[in-house]
Each structure stands twice: as structure tokens, then as C-alpha cells.
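Asker: For chain A, the structure is supplied; the task is to place chain B on it using the hints.
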Amino acid sequence: MLNQLTRPKTYSLDENECTLLKEVCSIPQEESIPTQETIVNMSAPVAASILNLMPTLCNEIRSLNNDTVSPGLLILKNLPSVADPRLLICTVGSLLGEVAKFSGEGDYVIEIRERETKAGQRPSFSNAREFFLHTDLSYVNDPPRFLLMHSIFNDPNSGGFSIFCDIEEALQNLSSNAVAELQKDQFEFPAPPHYRGTSYVRYPILAREEDDAFWKVRFRRDNIHVLSNNGMGALAELVHEFRKKIFEVTLLPNTMAIIDNWSFLHGRTAFTKPGSTNQFRWLNRTYANPVS
Amino acid sequence: MKKFFDLSHAIREQPNCSFEVINKLPEIRYLEGGAQGSFFITTKINNLFFNISTHIDFPGHLPELRGKFSDSVGAYAIERFVGSVLVLDFSSKLQKIKSFFDDKGKFLVDLKDEEKMMLFLKALEKLEISTSEFNEVLKICSASLSSLKGILLYTGLSAYWKYEINDAWNFIYFFNPFLSSEVCEQIACYNFSFIGVDTSQIEHPIVNYNGDETPLVSNPKCREFVIEKLNAINGRLNHKILLEKDILIYENVNIPPEVANCVVDFSGVPLNFQIEGMNNNALARPYAVLVS
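Residue numbers (the numbering used here), protein chains in the order written: chain A, 1 to 292; chain B, 293 to 584.
Chain A extracted, bound-state conformation:
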């Protein structure tokens, strides 16, 4: 729910950067559409090629991949329109490390857009429902570090506002009892129907190793099973804190959100079809992991 609006860190590409990025992310016209594997293979050299061409932009993106400064969220604005936007998102992903695919989840680049929305259906990448705060792939053992969402079409008059919350901010006023409960291995994260892997995993919601500078979070508001009543109380407290710290951003077309999936929660409001077009909100999504 909209409670407060804060401005996340943003980077707006200048005209030169926009033109250059458009050039390097334009795929030569061929008879067949390149496979996702091909696109991902193309993206690493493209990313390497722009390091010197666009140092400010690249440094801004790569600064997210730093364990000693506050982790977070970066919004890129004024991205170029390209014929096949998959190369653009994979190139940005390659600047952060390796573009990742999860077996059982789908391909490298997934289109987040409405196929069909039915009453009683859980929110997902393929419907238009309100999607409560969550981290992506909470139901796999090793969720990806970075989540990238590239807005291809989004009419702000039709909803589909993105919501975000920084776990560090949410924990500021959480009781020590709740923090202790949330670190226990007592939360089950069931997988959604489309996932073809393990049916659920059990993990803490919060984790922090001795040498970690920041908390790691695993969360899915609408689908966590708790093994103890005290854990349930802690979860309720956490959700209450989320409500106070949540903020809303409209990802307009040619905008990309780069999210540290271990420390930032995201979600969206519901959306409808714009009156003047036949197109629903459409974001491309991919994951990236730092190269160890």
C-alpha cells in the first residue's frame, strides 16, 4: 500500500550513452530469432566492450556488486529502445557478473506480463494481480543476488506501480526477539505451481554471517509457512515494519530497476489494460550473480 514516496538511487543515461548502448545492443537482422542462450553469450563481450566507453554508467551499475557499502536498488532511466531488448538486459546483467538461469523456473529472460488473471489466483509474473512484497526465488536453495527488471511497456494510468523496501530500514525498529525468531530455521517457502523443482525449502527469513556487513532476506508475503507461533508473531511484526518503510516507483518504459535480491524486497500493485491500447504492462526480467 502506498504510504510514503521516497526517491531511490537513479541514473539517467545521457544522449551519448543512450546512442552507444543502442548501437552495441542492436542485434544484426537475421532470419531466425536468436535463442536466449545466444543472447546471453553475446552479452558478456558487449558488457566488456562498454566498460571503457561508458565508465560512469558501468561503475554505477557495478557499485551494486560491493559487499561493503549499503546494498540496494538502482533505477536506470533513459535507456534506448532496441529491437530485441533481451540483449540490453543481459548486457546490464553481465556487468554485475553472470546472467543466471534456474532449472525449473524458465529461461534467462522472462516476460512479466499478463496472460490471464483469475479470481483466487496467486500473484505471479504471468497475471495482473497485486503482488505483495517478496524476494525472488525464495523457494530455491540459492536465490540469485541480482534481479533486473526492464520496463518495455507500462502505462502509469493503469496501475502496475512497483513497490520496494530495504530490509536494513525495516529492521531498524524491529524488536530483538523478533530478529532472533526470524533467524531461526523455521520458515517454509513453498514453490509456485509453475516451478518444476523441489516443492518447498525451509530457511530463516533473516541471515547474517559473521563477516557479512548486511542482512540477507528471503521473503514471500503471501506464501510463508511458519513452524512456531513465536515465529508467526515475529513475521507479523516484520510485515508491520515493512508497511512503514515501503516506497513506490513507476517503472516507465525504457527504465530498468536493478535490485539486490538479498537485501531489497519488491512487489507491485495490480494493473489493468490501458483504455487506448491493447497492451498490458510488460517488463523483462533476468537474474545475475557475481562471479566468485
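Incorrect hints may appear among the rest.
Straight-line Cα separation of at most 25 Å, SDA-like style, residue types lysine to any residue; simulated pairs [said to hold, decoys possible]: (1) B:Lys-398 <-> A:Gly-120; (2) A:Lys-184 <-> B:Glu-356; (3) B:Lys-513 <-> A:Asn-157; (4) B:Lys-521 <-> A:Val-239.
Restraint-style ranges between C-beta atoms, simulated for each label pair [as the list claims (entries may be wrong)]: (5) A:Thr-198 <-> B:Ile-320: 17 to 27 Å; (6) B:Lys-404 <-> A:Pro-193: 29 to 39 Å; (7) A:Thr-250 <-> B:Gly-359: 33 to 43 Å; (8) A:Asp-142 <-> B:Lys-360: 33 to 43 Å; (9) A:Arg-208 <-> B:Phe-332: 47 to 57 Å; (10) A:Glu-15 <-> B:Lys-404: 35 to 45 Å; (11) A:Arg-221 <-> B:Val-401: 20 to 30 Å.
Think of the hints as simulated: they come from the structure by calculation, not from any bench.
All values reported here derive from a predicted model rather than from experimental measurement.
Built from N, CA and C at the ideal position, the CB exists for glycine as well.
Answerer: Structure of chain B alone, referenced to chain A:
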């Protein structure tokens, strides 16, 4: 002459009458009841939720009251659920919003028609049962409140119960007449053991919208209106006023018109679960006996 009324909605292997996105379908498995010679059959139910169909809310339903009263529903004395009950008739309230729905209870307003949506949202205010309206109906019934175990509120919504999931904004059953917080505070002084409603919940139905649902995201004025309303309600939930006095709440009670404005003998005992932490909800099959 005695007439018995079953006040419950049956639990079936079908969707509950709700708008929830959580799968609450009971999953039935038949098993051999034991393996010591003779073959006996028993049933196991997976995915059985305790807040479906006709059920009781206990204080543990609210996170802040989890540890304040009994630690299980079975720890409540059986007499808490049995005794004389007055059924108060507030069915006229529903007339205030009926023009927004068809005969089957489906919402008639175009979700993108902001003006009409706003009219509807404002009409919901008329569902509130004020102190004067409540006392007027009490007066008509002229019952001795001190002899009552509790009260039931008859709104006529039981007639719309069906085994189907609908969106929160799309079905009349989710737009219930509700007690003002002043009336709840008045009830909290009566030493009742419980109250019951023939609706899915006892709050202002605007809480179902949650601020970000489909009819609101494309209607900014409606969204603003709902957010302001939710902020005003927050902290003054009827659930809290009643449950913090350990007044239990029966929801989705199937109340027939024949018992409206009558005193009936009531019984609605939950199963005797004495498992620590199971102090939030209980399924029940309440019934009433009308003596004429």
C-alpha cells in the same frame, strides 16, 4: 415447539466463499485406520485451514494478543460456547448498496468509471451500524442482555454464500454491514462470551481492498480515498476491540431470517484442540433452537 437451525456453512472439497489467493481446498485422503488385523478405514485431511467456512476467531488471531489469553482453543471452558443468544436484525442495511449489484450479487459498476466507483465507496459508509441504530434494534427485541451469552447479527448475506472464489470487489458477500467502533466498545462492556455474524468478517468492508487492488490502481481518487480510510481504521479494528476483551467472534454464520430479532438457544463448540499456539481460529458447527 422446538425448531432446530443449523447455523453453519458446510465444508466441502470446493473453494470457500472468499476472495483469497491462498489455496484453502481441503485435500482428502482415505487410509487404513490401523494395521493390527482387521481393515478399518479412516480419513486424513491435508490443507485444512481453520478460518474457512463457519469458524470462530479467538484472541490469538491477532498477533498482538497471541500470548494474552488461553494458549489453545481447547482450553476454553465449554460453557463459553453455549447459551441464550439474541439475533439482531440489520438486514435493512444491505439495501444501501444493493443497487450496485445484480440479483446474484455481482458488482455492476465499470471499474474504470472513477465517479461511480467513488459513489460506491462512499455508499459503503452507510453499512455502518451506529450506536443509535444498534440500541434501537436492541429496544425492539427487549431482551435482558445480562442473561445472554452473546449476540448474532443478521444482515441477510448468508443467502449469497456460495462455493466459489470471487474478486474482493466483485461480489456482494464481501460488503458486509459492520458495527461502528463505538458499538463494539459498548458490546465489550456487556460481558458477552461471543458475537456472531453472517458475513465473512466484522470490519468495514473497505479493508478488503488493501489499497492496491484492481479497481483502485487506475482510479487515483478512489485509491487516495481508500488509503485515507484504511489509515483511519488502522488501530481501531473491531476485531481488536472485541478480542482484547476475550469476546470471541463467529464468522460466516449461516443465519436464517426466521430467527431474526429472536432469542434462541445456541451451541457452537469447537473441537478440543489443546495444542499450544492453536489459539487463533477454530472450525465450528453452531446451531440454534427456537422455542415457540
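Asker: Next step is simple, just say for each hint if it's right about the structure.
Answerer: To see whether the hints hold, each was checked on the structure:
1. B:Lys-398 <-> A:Gly-120: Holds - the C-alpha atoms of A:Gly-120 and B:Lys-398 are around 16 Å apart, at most 25 Å.
2. A:Lys-184 <-> B:Glu-356: With Cα atoms ~20 Å apart, A:Lys-184 and B:Glu-356 stay inside 25 Å; holds.
3. B:Lys-513 <-> A:Asn-157: 12 Å, holds
4. B:Lys-521 <-> A:Val-239: At roughly 20 Å apart (the allowed maximum being 25 Å), A:Val-239 and B:Lys-521 satisfy the hint.
5. A:Thr-198 <-> B:Ile-320: 17 to 27 Å: 25 Å, holds
6. B:Lys-404 <-> A:Pro-193: 29 to 39 Å: Between B:Lys-404 and A:Pro-193, where Cβ atoms are some 30 Å apart, the hint holds.
7. A:Thr-250 <-> B:Gly-359: 33 to 43 Å: 42 Å, holds
8. A:Asp-142 <-> B:Lys-360: 33 to 43 Å: Holds, at about 40 Å.
9. A:Arg-208 <-> B:Phe-332: 47 to 57 Å: 51 Å, holds
10. A:Glu-15 <-> B:Lys-404: 35 to 45 Å: 37 Å, holds
11. A:Arg-221 <-> B:Val-401: 20 to 30 Å: Because 29 Å falls inside the window, the suggested range holds.
When each numbered hint is compared with the structure, no violation occurs for any of them.
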